[in-house]
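The lines below spell out each chain.
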Amino acid sequence: GDSVTQKEGLVTLTEGLPVMLNCTYQTIYSNAFLFWYVHYLNESPRLLLKSSTDNKRTEHQGFHATLHKSSSSFHLQKSSAQLSDSALYYCALPNSNNRIFFGDGTQLVVKP
Amino acid sequence: EAAVTQSPRNKVAVTGGKVTLSCNQTNNHNNMYWYRQDTGHGLRLIHYSYGAGSTEKGDIPDGYKASRPSQENFSLILELATPSQTSVYFCASGRISGNTLYFGEGSRLIVV
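Read top to bottom, the protein sequences are chains X and S.
According to our numbering, the first sequence is numbered sequentially starting from 3.
According to our numbering, the second sequence is numbered sequentially starting from 13.
Hints are computed from structural coordinates only; laboratory data are not their basis.
Note that the coordinates shown come from a computational prediction; the quantities given were computed from them, not determined experimentally.
The beta carbon of each residue, even a glycine, is placed where N, CA and C say it ideally should be.
Watch out, some of these pointers could steer you wrong.
Straight-line alpha carbon distances no greater than 25 angstroms define the calculated DMTMM-like cross-link-like pairs of lysine to aspartate or glutamate that follow [said to hold, decoys possible]:
id : chain 1 : residue 1 : chain 2 : residue 2
1  : X       : K52       : S       : E117
2  : X       : K71       : X       : D4
3  : S       : K77       : X       : D106
4  : X       : K52       : X       : D4
5  : X       : K113      : S       : D50
6  : X       : K58       : X       : D4
7  : X       : K9        : S       : D50
8  : X       : K52       : X       : E10
9  : X       : K52       : S       : D71
10 : X       : K58       : X       : D87
11 : X       : K80       : X       : E10
12 : S       : K69       : X       : D4
13 : X       : K71       : X       : E61
14 : S       : K30       : S       : D71
15 : X       : K71       : X       : D56
16 : X       : K80       : X       : D56
17 : S       : K23       : X       : E45
18 : X       : K113      : X       : E61
19 : S       : K77       : S       : D50
20 : S       : K69       : S       : E84
21 : X       : K80       : X       : D106
22 : X       : K52       : X       : D87
23 : X       : K9        : S       : D71
24 : X       : K52       : X       : D106
25 : S       : K69       : X       : D106
26 : X       : K80       : X       : E17
27 : X       : K80       : X       : E45
Cβ pair distances, simulated, as ranges [claimed, not checked]:
id : chain 1 : residue 1 : chain 2 : residue 2 : range
28 : X       : H66       : S       : V26       : 47 to 57 angstroms
29 : X       : G64       : S       : D71       : 25 to 35 angstroms
30 : X       : S82       : S       : R107      : 30 to 40 angstroms
31 : X       : K58       : S       : R107      : 17 to 27 angstroms
32 : X       : Y31       : S       : G63       : 18 to 28 angstroms
33 : X       : P20       : S       : T32       : 40 to 50 angstroms
34 : S       : G65       : X       : Q84       : 39 to 49 angstroms
35 : S       : V100      : X       : E10       : 17 to 27 angstroms
36 : S       : K69       : X       : Y31       : 13 to 23 angstroms
37 : S       : D50       : X       : M22       : 18 to 28 angstroms
Non-contacting residues of chain X with respect to chain S, defined by C-beta distances greater than 12 angstroms in every case (computed) [claimed, not checked]:
id : residue
38 : V13
39 : T14
40 : T16
Construct the complete structure from the given sequences, taking the supplied hints into account.
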């Protein structure tokens with residue numbers, strides 16, 4: 003069945019260092035959309051970026067991700083972490099039956 | 013901007029009591045979802061709906077019922093609340109499967 007795996011539960015790094023949050027997925031659908039949602043403390047989760055195009059880089063708010071269908075991956079990256087990036091990040095995969103599969107989330111903590 | 017509102021935002025319930033969490037969206041989205049968020053588990057799908065009158069079981073439906081009386085409203089019902097249902101609950105809406113989900117502010121439920 004469809005699934006999403008985020009192997010890091012917690013990522014802690016120093017401000018200014020690059021960020022990479024891993025997301026791999028499993029689906030039988032060749033036209034799958036992949037999403038990254040961000041959840042800041044005391045706010046609602048919201049969309050950060052999404053893609054359904056193989057090997058095309060998608061960018062938003064300084065973050066970027068490239069969907070690689072050959073490796074079933076959609077890793078989230080940023081060149082330089084900021085303190086304000088500290089949040090919970092979810093990778094998500096919808097299927098044709100209107101179900102949305104979320105990974106377990108990665109808590110990003112950026113320290114000065 | 014899509015609007016999803018949840019009520020109550022905070023609730024303390026007694027074990028065995030009935031709890032109803034309400035969700036309203038003003039975006040005319042067909043799909044609505046109820047998730048619970050727990051540390052280490054991310055967002056887990058409880059129930060979802062394709063439209064008025066429909067409800068579908070998600071991944072963890074036991075102990076929960078759902079009701080979708082109209083396009084705008086989607087309720088989550090705990091007939092006999094238990095301490096294990098202490099959590100933060102998020103409602104979300106979306107037009108179709110590959111589209112963005114819009115989340116409410118969350119409802120924090122404590123069952124004592």
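These are the hints, each one checked on the structure:
no., hint, in the structure
1, X/K52 with S/E117, "holds, 22 angstroms"
2, X/K71 with X/D4, "holds, 14 angstroms"
3, S/K77 with X/D106, "holds, 24 angstroms"
4, X/K52 with X/D4, "holds, 17 angstroms"
5, X/K113 with S/D50, "holds, 24 angstroms"
6, X/K58 with X/D4, "holds, 22 angstroms"
7, X/K9 with S/D50, "holds, 17 angstroms"
8, X/K52 with X/E10, "holds, 20 angstroms"
9, X/K52 with S/D71, "holds, 23 angstroms"
10, X/K58 with X/D87, "holds, 23 angstroms"
11, X/K80 with X/E10, "holds, 16 angstroms"
12, S/K69 with X/D4, "holds, 16 angstroms"
13, X/K71 with X/E61, "holds, 18 angstroms"
14, S/K30 with S/D71, "holds, 22 angstroms"
15, X/K71 with X/D56, "holds, 6 angstroms"
16, X/K80 with X/D56, "holds, 19 angstroms"
17, S/K23 with X/E45, "holds, 18 angstroms"
18, X/K113 with X/E61, "holds, 24 angstroms"
19, S/K77 with S/D50, "holds, 19 angstroms"
20, S/K69 with S/E84, "holds, 19 angstroms"
21, X/K80 with X/D106, "holds, 20 angstroms"
22, X/K52 with X/D87, "holds, 18 angstroms"
23, X/K9 with S/D71, "holds, 20 angstroms"
24, X/K52 with X/D106, "holds, 18 angstroms"
25, S/K69 with X/D106, "holds, 19 angstroms"
26, X/K80 with X/E17, "holds, 11 angstroms"
27, X/K80 with X/E45, "holds, 22 angstroms"
28, X/H66 with S/V26: 47 to 57 angstroms, "holds, 48 angstroms"
29, X/G64 with S/D71: 25 to 35 angstroms, "holds, 33 angstroms"
30, X/S82 with S/R107: 30 to 40 angstroms, "holds, 35 angstroms"
31, X/K58 with S/R107: 17 to 27 angstroms, "holds, 23 angstroms"
32, X/Y31 with S/G63: 18 to 28 angstroms, "holds, 22 angstroms"
33, X/P20 with S/T32: 40 to 50 angstroms, "holds, 46 angstroms"
34, S/G65 with X/Q84: 39 to 49 angstroms, "holds, 46 angstroms"
35, S/V100 with X/E10: 17 to 27 angstroms, "holds, 21 angstroms"
36, S/K69 with X/Y31: 13 to 23 angstroms, "holds, 21 angstroms"
37, S/D50 with X/M22: 18 to 28 angstroms, "holds, 25 angstroms"
38, V13, "holds, 15 angstroms"
39, T14, "holds, 16 angstroms"
40, T16, "holds, 24 angstroms"
Checked against the numbered hints above, the structure violates none of them.
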